[in-house]
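> Chains as they are written, first to last, in the numbering used here: chain A, 21 to 154; chain B, 733 to 945.
Hints may contain errors.
Result set (BS3-like, lysine-lysine): computed pairs, CA atoms no more than 27 Å apart in a straight line [claimed, not checked]:
| no. | chain 1 | residue 1 | chain 2 | residue 2 |
| --- | --- | --- | --- | --- |
| 1 | B | K835 | A | K139 |
| 2 | A | K91 | B | K757 |
| 3 | A | K139 | A | K54 |
| 4 | B | K789 | A | K142 |
| 5 | B | K837 | A | K154 |
Keep in mind that the hints were calculated from the coordinates and are not lab data.
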Amino acid sequence: MVKHRHLGKIRGFSLQFLPFNEIRSLNSSERIKKILDIILGNNILIIQGRLLPEEETRLIEDTMAMIKHVKSFRGIELAVISGDNKTNILQKARQNIANAISGADLGALTIIGPATVVKEIKKNPRKIELLLNK
Amino acid sequence: MVIKIFKNFFKKIFNSLFRGKRHIKLGFYGPPNSGKTSLANRICKDFTGEEMGSVSKIPHETRNVQFKEKVDITYKEKTLTFKMVDTPGIATKIDYEDFLKFKMKKKEAKERAREATQGVIESIKWLDDMDVVVVVLDASENPYNQVNITIIGNLVARDIPVLIVANKIDLRKANIKKIEAAFPEYEVVGISAKFGKNMEEFYESIFKLAKQV
């Protein structure tokens, strides 16, 4: 039986969804800028797909630079949920072809929130928990 | 893709031609407080008698990339020379208020946070320069942290050989199996840098890793 936790009151927060189509034509710099603009608006962002590894590090670098320049910005919380549990080579190859055609891993979701709103994103293979700051 | 194959091919030829003349750049990467400097210190102490950097319970103690130019590591009568590069911990957020919990003054905490943000940027910039990388994780923490995945993803994208170290196995909460399950495609070595536990297995893995350069 599922254990129900006490549902306390939480303050409102804004959740924004970004379909991959909206960033498909953007280069890496433009993608990162768009993401950080949304985050700086105090929104939790859910992106369809995932960033490239180089884009993820670029996002971290730009986030660090922002912390130095934007008062009260403390950084981001970031997590990727992916259905990437293909076990055999054929499944992996099929997935890679699908990703190459669509231009991204559309089976994944990226969650990014400002650290002042999202305290922690706890992730394990079976669930993901967003812990909000009070 | 073709360019990448050619690049790797020429890199391997270049490396094999000059293997005897240069040192292998060994980077230590990971999240803050996972024990990167403790491990680098342990290696340096074992083979040079000197430590490399200071360690602390307060996160972001290492805020600049630190080097040890010539460290000869000997394992089973074979010796390899490394240039060791200890990097600041990579994080997605840095809040000076977290440092206040360690009884730090506000001004000092803000300065530490400012230096820490710069350290993260510096760590990422150095990724391209590494020959092999040891990703140091705290075995008592949840390994499914996106920072760990991002670091490893970037090393794979750059074709840099990776060894994952599950540090702090002396702690009761430590769970190497969890790290192995999170990164099944990589070799994971459990150690305690603080107490020098299982270092022989670590050195063996480092030698295996160096062969891939």
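> Each hint needs a verdict: does it hold in this structure or not?
How the hints compare with the structure:
1. B:K835 / A:K139: holds, 22 Å
2. A:K91 / B:K757: violated, 38 Å
3. A:K139 / A:K54: Between K139 (chain A) and K54 (chain A) the Cα gap is close to 22 Å, so the pair holds against 27 Å.
4. B:K789 / A:K142: holds, 23 Å
5. B:K837 / A:K154: Holds - the C-alpha atoms of K154 (chain A) and K837 (chain B) are around 24 Å apart, at most 27 Å.
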